[in-house]
Amino acid sequence: MPAIETVDLQREYPARRGPGLRAVDGIDLAVAPGEVYGFLGPNGAGKTTTVRMLVTLLQPTGGRATVAGYDVATQPAEVRKRIGVALQAAALDLLMTGREMLLLAATLHGIPPADVADRGADLLERVGLSAAADRRVGTYSGGMQRRLDLAMALIHEPEVLFLDEPTTGLDPTSRLTLWDEVRRLRDEGTTVFLTTQYLEEADQLADRVGIIARGKIVAEGTPATLKAEVGVPHLDVTLAGEDHRDLAREVLARFGDGRPPTEECDLSVALPDGSAGLAPIVRALDEAGVQVASLDVKEPTLDDVFLAKTGEHLEGAD
Amino acid sequence: MLRPTLALMRRALRNAFRRPQFLAPLVVFPSLFLAVNTGGLQATTGLPGFPEVNSFLDFQLASAICQSTMLGGVSAGIAMALDIEAGFFDRLVVSPIPRTAVVLGRVGAAGVLGALQAVWFLAIGFIFGAEMAAGVGGVLVVIALGVISALAFGSFGVLIALRAKNASTVQGIFPLVIVGLFLSSAFFPADLLSSPADVIAEYNPISYLAEGLREPIAFGWDAQVIVEGFVAGIALAGIGTSLAISALRGRLRAAR
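Here the protein sequences line up with chains X and P, keeping their order. Going by the numbering used here, the letters in the first sequence line up with residues 1 to 318, in that order. Going by the numbering used here, the letters in the second sequence line up with residues 1 to 256, in that order.
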């Protein structure tokens, strides 16, 4: 039985006039127990709406979903007993201390009073907050708040953990710390449903990735499979000036299909032979008198998958 | 049900004391109002129709307790609205507790604060010469009615927060709340109010609550007045809490 399963899951927000906004438009997915499922997409794609339905905060307007074997619409209380949730913004009480927050979470999850203190202390240790446990949460850094949020979501050892953009806004060090924790959870067999807008995060953490755009899943598979499907490495070219852009485009067209450039380059071309195909292109550009500032060979990324499926780049993709 | 309710109540109380900017007005503003009124309106006790009291302070203590618990209700509402705005409310809602515990915890905390508020005003009153006509038993009645008054106003504060969903709207309700207090016999005997305020005061449950609070302090043991105070307070608390629970369910249904 899948840990999470959705069939034609939909959520439409009514509009005052005309048709409503369909934030989630018929999503089918099945997440196996113990799997880390990365739900990747740009802002507004429907990631958070999907999570809010799966954690019983929002009722689907169509289709159905089960979590840990229970229907989110008809058995929400059973679902809530079995899930841990860390929503997009760390929902913490800044006036409470980290320890108090964990003890409150333990009580709300029905952990026996005799075990509450020990469980809280163990989790504080695990997320590296023991030293700050008796400080008010308002004095914590963003990374510390996220780790506390995660600890609260884990207090009752949930079967399924939902992490909604857990590293958004965090500095690189805090992000890596959180990644380590997610890996540890995977090793322990916890099912993790992770939404993210960061390609690297999905690539690094997820066993499988579902890419969502405009409320629909446009691709799904392991990161390696998805990248292999779309393909080939490509060459990003940044010109030294604007003068030879058309000429450079003509030269590059001889070597491969052009691609929409990212914000960080002027031109991009598919490079079927990878780095081996670079030397002829350099020579051709040089012979044509095109002044180049930089050439960058890029392996396929999940952004390429997104591009191939939607014709657009993911926000923040390099 | 009881365990999460008590845990949420403890949290609300702890936070109230950690947010002095919210807690202080509950006693400072009514205390100043009490001082100004007592100092400036002492002569009104000589007006024809004003009941016989030892001092205007005896008469006004009940008003101060009412006003303070009413501010406590607004404060409880703001705290709930802040939880909604910060997303903490969502955390509570996705945890496996009865939803009513979210309302009862917050309202219960207002009730505990109500006891402290009543004690504060009784202490101030005694320091400045007030007397308790009903003796020690009267103190207990006033504290009990202070709790009930706070539960009543707290439940309506939470109800407004669940409807409004943001703290600034709850704060904006405050002037209306004060109007409700002035259109009662909390500050002056209903007989001395002119029409239509006297008619409104007669039907305003806050009048009964205030008079129930006033009776043991200023007059003694008129069981009917005291019982009416309890009945009015309990009815308000019951209606407010039921509506707040219903608003919470409605809010969650709307999300559905």
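If you're looking for bench data, these hints aren't it; they were derived computationally from the structure. Glycine included, every Cβ here is placed at the ideal spot set by N, Cα and C. Check the hints yourself; a few may be wrong.
[To be verified] Each pair of labels, with its calculated beta carbon distance range:
(1) P/Phe-126 with X/Ala-117: 35 to 43 angstroms
(2) P/Leu-32 with X/Arg-64: 54 to 62 angstroms
(3) X/Asp-118 with P/Val-28: 40 to 48 angstroms
(4) P/Arg-3 with X/Leu-21: 39 to 47 angstroms
(5) P/Pro-25 with X/Gln-204: 24 to 32 angstroms
(6) X/Gly-44 with P/Gly-40: 55 to 63 angstroms
(7) P/Leu-2 with X/Leu-21: 39 to 47 angstroms
[Unchecked claim] Stretch by stretch, here's where chain P covers chain X in the computed footprint (C-beta under 8 angstroms, at least three residues):
(8) 29-39
(9) 50-62
Hint by hint, here is what the structure shows:
1. For the hinted restraint 35 to 43 angstroms between P/Phe-126 and X/Ala-117, the CB-CB distance of approximately 42 angstroms keeps it satisfied.
2. Distance hint for P/Leu-32 and X/Arg-64: a CB-CB separation of about 59 angstroms, consistent with the stated range 54 to 62 angstroms.
3. For X/Asp-118 and P/Val-28, the hinted distance range of 40 to 48 angstroms is satisfied, since their beta carbons lie about 42 angstroms from each other.
4. One distance hint, 39 to 47 angstroms for the beta-carbon pair P/Arg-3 and X/Leu-21, holds here, with the actual separation near 40 angstroms.
5. Against the hinted window of 24 to 32 angstroms, the Cβ-Cβ separation of P/Pro-25 and X/Gln-204 comes to about 50 angstroms, which falls outside the hint.
6. Here the CB-CB span from X/Gly-44 to P/Gly-40 is close to 60 angstroms, well matched to the stated 55 to 63 angstroms.
7. Between P/Leu-2 and X/Leu-21 the beta carbons are some 42 angstroms apart, a value that agrees with the proposed interval 39 to 47 angstroms.
8. Counting residues of the stretch 29-39 of chain X whose beta carbon lies closer than 8 angstroms to any beta carbon of chain P gives 0, which falls below the threshold of three, so the coverage claim is violated.
9. For the stretch 50-62 of chain X, the stated coverage by chain P is satisfied: 5 residues place a CB nearer than 8 angstroms to a CB of that chain, which reaches the threshold of 3.
Violated hints, in rising order: 5 and 8; the structure is consistent with all others.
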